[in-house]
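As they're listed, the protein sequences go chains A and B. Numbers given in our numbering equal positions in the first sequence, counted from 1, plus 901. Numbers given in our numbering equal positions in the second sequence, counted from 1, plus 4.
One should not assume that every hint holds.
Stated by the list, open to error - Below 20 Å or equal to it, Euclidean Cα-Cα: the simulated EDC-like pairs (lysine to aspartate or glutamate) are:
no., chain 1, residue 1, chain 2, residue 2
1, B, K126, A, D931
2, A, K976, A, D1008
3, B, K44, A, E1054
4, B, K74, A, D1022
5, B, K74, A, D905
6, B, K74, A, E971
7, A, K1065, B, E78
8, B, K250, A, D931
What the hints assert, rightly or not - Partial selection, computed: residues in chain B whose CB lies under 10 Å from chain A:
no., residue
9, N7
10, R12
11, D52
12, F81
13, L84
14, E105
15, G128
16, S129
17, K169
18, I170
19, I205
20, A228
21, T241
22, I258
These are computed hints drawn from the structure, not numbers from a lab. All C-beta atoms in this analysis are idealised placements derived from N, C-alpha and C, irrespective of residue type, glycine included.
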Amino acid sequence: MGEDSIITSDLKEILNADKVVFPGVGNFGDVMKELKKRKLDVIIKKAIEMKKPFLGICVGLQVLFEESEESPNVKGLGIFKGKVLKFKQGKVPQIGWNKISSKTIGDGYVYFVNSYYAAPDDKNIIESTSDYYAKFTAAVKKDNVFATQFHPEKSGEFGLRILKKWLTC
Amino acid sequence: MVNLLAKRIIPCLDVKKERVVKGTKFVDLKDAGDPVELAKYYNEQGADELSFLDITASYENRKIIIDIIKKVAEQVFIPLSVGGGINSIETIRELLNAGAEKVSIGTAAVKNPNLVREASQKFGSQAIVVSIDAKRKKNSWTVYIKGGREDANIDALEFGKKMEKIGAGEILLNSIDMDGTKQGYDIELNKKFSEELNIPIIASGGAGKLEHIKEVLTKGKADAALAASIFHYKKYTINDVKKYLKKNCIEVRI
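Hey, can you work out the whole structure from these sequences and the hints?
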């Protein structure tokens, strides 16, 4: 996308970066375990505290919350208050293109692969919503933190626009 | 309670060595057999996903398909899936690292179901599609393997349920009876699978007309429709299909 990027789990590199992306597909508990093992949990919190623009994708959104129905005894990063819930209806995981309505990033189809979604206590942080038998949180945004349940990197032209806007604004 | 998840339209690209085969009749492409060109072309038309089938699937060709996926993933930002002869965790890892979203496992899922279990635990269910070649046998369907050449003597529906249980994220359901006939998908087969399984079903085999695609997504209850020849031979563009579906009140991404 015309920007310099590195893939790293090195603490110094993360804290030296202008912006931080935390993408992910995986199990909530496994991801938290791996983050703790590499002390990335502390680093992510620190990067967010330092007001670095932070983008979380998929599980990268979910771990920002306190807990998840996927891994009942595992604590999340707790950046945001609230829980991650499992879809109660329909085929699970939801796989495919669903429509989002947003406050600032625009409306359109984006690519989802998820069995779980976040339910923030503070509804004001909800940036986008979508419908899968019930309304669910598709993206959250607060200060320097932006996170999407969908995969902007797999969401065609619209997804690229979302990423470009995040990179340049 | 609404579900706005769009039905997916997926063109299938058969890859042989460095080239896409069957794609010879494109008129406005500089190089119709080039996988990257073709992927871009389908993406522009509105394909929801691209399915690559490695039809030679030998060891030396594995490197070629990995290279193709890398190049396509650099330029096309929609989900890519790859199938054809996949039988090891290592190959799956290489394909996912190259930029594929999913791999589809066929014969190996029948011979070694543990591969499906292990792969879905390692990479997540969403990355593992089980591809079933089903052929009618009286009132049910039986699984065929090795590209439709050998009857595995397993009930297809039972096999599908088992695959869901051990971690398959989707089923690519190909009807051997309808494949290549252009007479329409096997509606009953897709309906049965969609009602009895709780993971997405991708219908394959038999598309010849717009009505066929509509039927399999409505009566057949499939979540996605895969087609090869109607797109390759330019009978319809993907956009034609989607406009038609939309007119018929089917949720699609346009």
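Hints versus structure:
Straight-line distance between C-alpha atoms of B/K126 and A/D931 comes to about 11 Å, which keeps the hinted pair within the 20 Å bound. For the suggested pair A/K976 and A/D1008, the alpha carbons sit about 32 Å apart, so the restraint of at most 20 Å is broken. Taking the CA atoms of B/K44 and A/E1054, the gap is near 16 Å; set against the 20 Å cutoff, the hint holds. Proximity of B/K74 to A/D1022 is assessed by CA-CA distance (about 41 Å); at most 20 Å being required, the pair is judged violated.
Of the supplied pair hints, the one linking B/K74 and A/D905 holds, its CA atoms being roughly 19 Å apart against a limit of 20 Å. Taking the CA atoms of B/K74 and A/E971, the gap is about 32 Å. The hint is violated against a cut of 20 Å. This hinted pair checks out: A/K1065 and B/E78 have alpha carbons roughly 16 Å apart, not beyond 20 Å. The hinted pair formed by B/K250 and A/D931 fails the criterion: a straight-line CA distance of about 41 Å is larger than 20 Å.
The closest approach between the C-beta of B/N7 and any C-beta of chain A is roughly 5 Å, which is under the 10 Å cut-off, so the hint is satisfied. With its C-beta approaching chain A no nearer than about 5 Å, B/R12 sits inside the 10 Å limit, and its interface hint holds. With 10 Å as the threshold, the beta carbon of B/D52 comes within range of chain A, its nearest partner Cβ sitting at about 6 Å, so the hint holds. Given hint, B/F81 at the interface with chain A, holds; its Cβ is 6 Å from that chain's nearest Cβ, closer than 10 Å.
At its closest, the beta carbon of B/L84 sits 9 Å from a beta carbon of chain A; the interface hint therefore holds under the 10 Å criterion. Using the Cβ-Cβ criterion of 10 Å, the hint placing B/E105 at the interface with chain A is satisfied: the shortest such distance is roughly 6 Å. Hint status for B/G128 relative to chain A: holds, with the closest Cβ pair at about 5 Å, below 10 Å. The interface hint given for B/S129 holds, since its Cβ lies 7 Å from the closest Cβ of chain A, which is under the 10 Å cut-off.
For B/K169, the shortest C-beta to C-beta distance to chain A is roughly 14 Å, which exceeds 10 Å, and the interface hint is violated. Evaluation of the B/I170 hint against chain A yields a violated restraint, the C-beta minimum of about 15 Å exceeding 10 Å. Taken as an interface hint, B/I205 checks out: its beta carbon lies about 9 Å from the nearest beta carbon of chain A, inside 10 Å. The interface hint given for B/A228 is met, as the beta carbon of that residue sits about 7 Å from the closest beta carbon of chain A, less than 10 Å.
Contact between B/T241 and chain A, as hinted, is not supported at the beta carbon level, the nearest pair being about 16 Å apart and thus beyond 10 Å. Contact between B/I258 and chain A, as hinted, is supported at the beta carbon level, the nearest pair being about 8 Å apart and thus within 10 Å.
Hints 2, 4, 6, 8, 17, 18 and 21 from the earlier list are contradicted by this structure; the remaining hints agree with it.
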